[in-house]
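*Asks:* Read off the chains here:
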Amino acid sequence: MQINRTGIWLIGFFGVAGLAMCLVPLALGADAEVALIIGSTGAIWFLVAMGLVWYARHNQKKAAHNDWIFQNGIRGTATVLDAGSHATVNELPLMKLTLDLDIPGVGRREATRREVMPVFTANRMEQGLVLPAYANPEDPGDFILVW
Amino acid sequence: MADLEATYSAFAAERGLELVPAVGIGQLTPLLVESTVGGQLAPAARGRISAELDGIVGQLAYKRNKTFRFTVALTRVLSSTPFVPRLFCIRQGRSTRDDEFYGFEARHSKLWTESEKLNDRFTISTSPYQDANWMRQLFSPALVDWLANEPPADFSFELAYGALLGSIEEDAPGPDQLAALCDATAHVAARIARECGE
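So the protein sequences, as listed, match chains A and B.
Heads up: the first sequence begins at 0 in numbering that gives the first Met the number 0, then just goes up one per residue.
Heads up: the second sequence begins at 0 in numbering that gives the first Met the number 0, then just goes up one per residue.
Just chain A, same shape as in the assembly (with noise of 0.2 Å):
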């Protein structure tokens, strides 16, 4: 997953207008009461956009490390063995994969793989589809999956 124009623009929202809502009651000497309702909704808005900033980090995190397989790892192929989807995030399915991994120089084995998808790309993870792999050098066990 990665974060887009909305998620930015979501996250400057929240942070700005939670902190603002924290801190603008107690700048203008409002009423107690008031100033904690309005600051406890700043707070939890203010906490969801560190949320999504955590998440937006951590999902760079991984896109770094995945892009570091992509160009140094062993290019191999993954055969769709199983595809099946539970839930959804953001209205994409989270599909569960289960793949035939051939690795040159590692061997085949049965791997498993959860993966946010496009609908479209959900709709063609069939068995028998074989899709590019990248496995890494270091670990044959963590891989990618180019689809």
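Keep in mind that the hints were calculated from the coordinates and are not lab data.
It is possible that part of the hints are untrue.
[What the hints assert, rightly or not] Residues from chain B that face chain A, not an exhaustive set, calculated with beta carbons under 10 Å:
1) L31
2) R45
3) F103
[Unchecked claim] Far from chain B, by Cβ distances over 12 Å, these chain A residues were calculated:
4) A16
5) P24
6) E32
7) V33
8) I36
9) A42
10) D81
11) A86
12) V105
13) V129
14) P136
15) L144
[What the hints assert, rightly or not] Under the rule of at most 20 Å between Cα atoms (straight-line distance), these lysine to any residue pairs were calculated in the SDA-like manner:
16) A:K61 to B:P127
17) A:K61 to B:I89
18) B:K62 to A:K61
19) B:K116 to B:T80
20) A:K95 to B:I89
21) A:K95 to A:G140
22) A:K60 to B:H107
23) A:K61 to B:S126
24) A:K60 to B:K116
25) A:K60 to B:I89
26) A:K61 to B:S108
27) A:K60 to B:R106
Each residue gets a CB set at the ideal place from its N, CA and C atoms; glycine is no exception.
Assemble the complex: chain A is given as a structure, and chain B must be docked to it using the hints.
*Replies:* Okay, now just chain B, sitting in the frame of chain A:
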């Protein structure tokens, strides 16, 4: 609607296609996923849509805050999946679903080319783990020049797992526009197939 059916009927007769009132082609590409009735074209015509290419051409409705209508041509480039699982070349300014996915979306890479004219006209995106060298060969100077100058002004295409969908933003296309869409889609299909074969 009667005019549209007459246009498709005339185009089908001219190219020897089978006219069909409505046909479901499945949710094969992002545009088809967003269609009002999962990948349904109405009306449509199928058969040899261009000189050496079989496919289907038809009208697609796409609902967001209002209903948009596209004219699309679908064909197959089956050899493309191992080389380029997904490739989207979308006209600049076309509203697409990926700009509103609640802040996070599936990862993709946007391609940059040295052609300012191409960059002004299209946003090109693909899988983040796409062989860059292969993509440079696909987007040869000839293809870049063709894309920048030759297709209809509102032409876009989506390639996903061997399904190639060319589209223009026309509510009621004329026979010339249908022909231009089919020929542009055929040109892209031929170029991708040739590069996959090399």
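*Asks:* Against this structure, judge whether each hint is valid.
*Replies:* Tested hints:
| no. | hint | in the structure |
| --- | --- | --- |
| 1 | L31 | holds (7 Å) |
| 2 | R45 | violated (21 Å) |
| 3 | F103 | holds (5 Å) |
| 4 | A16 | holds (15 Å) |
| 5 | P24 | holds (28 Å) |
| 6 | E32 | holds (33 Å) |
| 7 | V33 | holds (31 Å) |
| 8 | I36 | holds (27 Å) |
| 9 | A42 | holds (20 Å) |
| 10 | D81 | holds (18 Å) |
| 11 | A86 | holds (15 Å) |
| 12 | V105 | holds (18 Å) |
| 13 | V129 | violated (7 Å) |
| 14 | P136 | holds (16 Å) |
| 15 | L144 | violated (9 Å) |
| 16 | A:K61 to B:P127 | holds (13 Å) |
| 17 | A:K61 to B:I89 | violated (28 Å) |
| 18 | B:K62 to A:K61 | violated (34 Å) |
| 19 | B:K116 to B:T80 | violated (28 Å) |
| 20 | A:K95 to B:I89 | violated (30 Å) |
| 21 | A:K95 to A:G140 | holds (17 Å) |
| 22 | A:K60 to B:H107 | holds (15 Å) |
| 23 | A:K61 to B:S126 | holds (16 Å) |
| 24 | A:K60 to B:K116 | violated (34 Å) |
| 25 | A:K60 to B:I89 | violated (28 Å) |
| 26 | A:K61 to B:S108 | holds (15 Å) |
| 27 | A:K60 to B:R106 | holds (13 Å) |
Hints 2, 13, 15, 17, 18, 19, 20, 24 and 25 from the list above are not met by this structure, while the remaining hints are.
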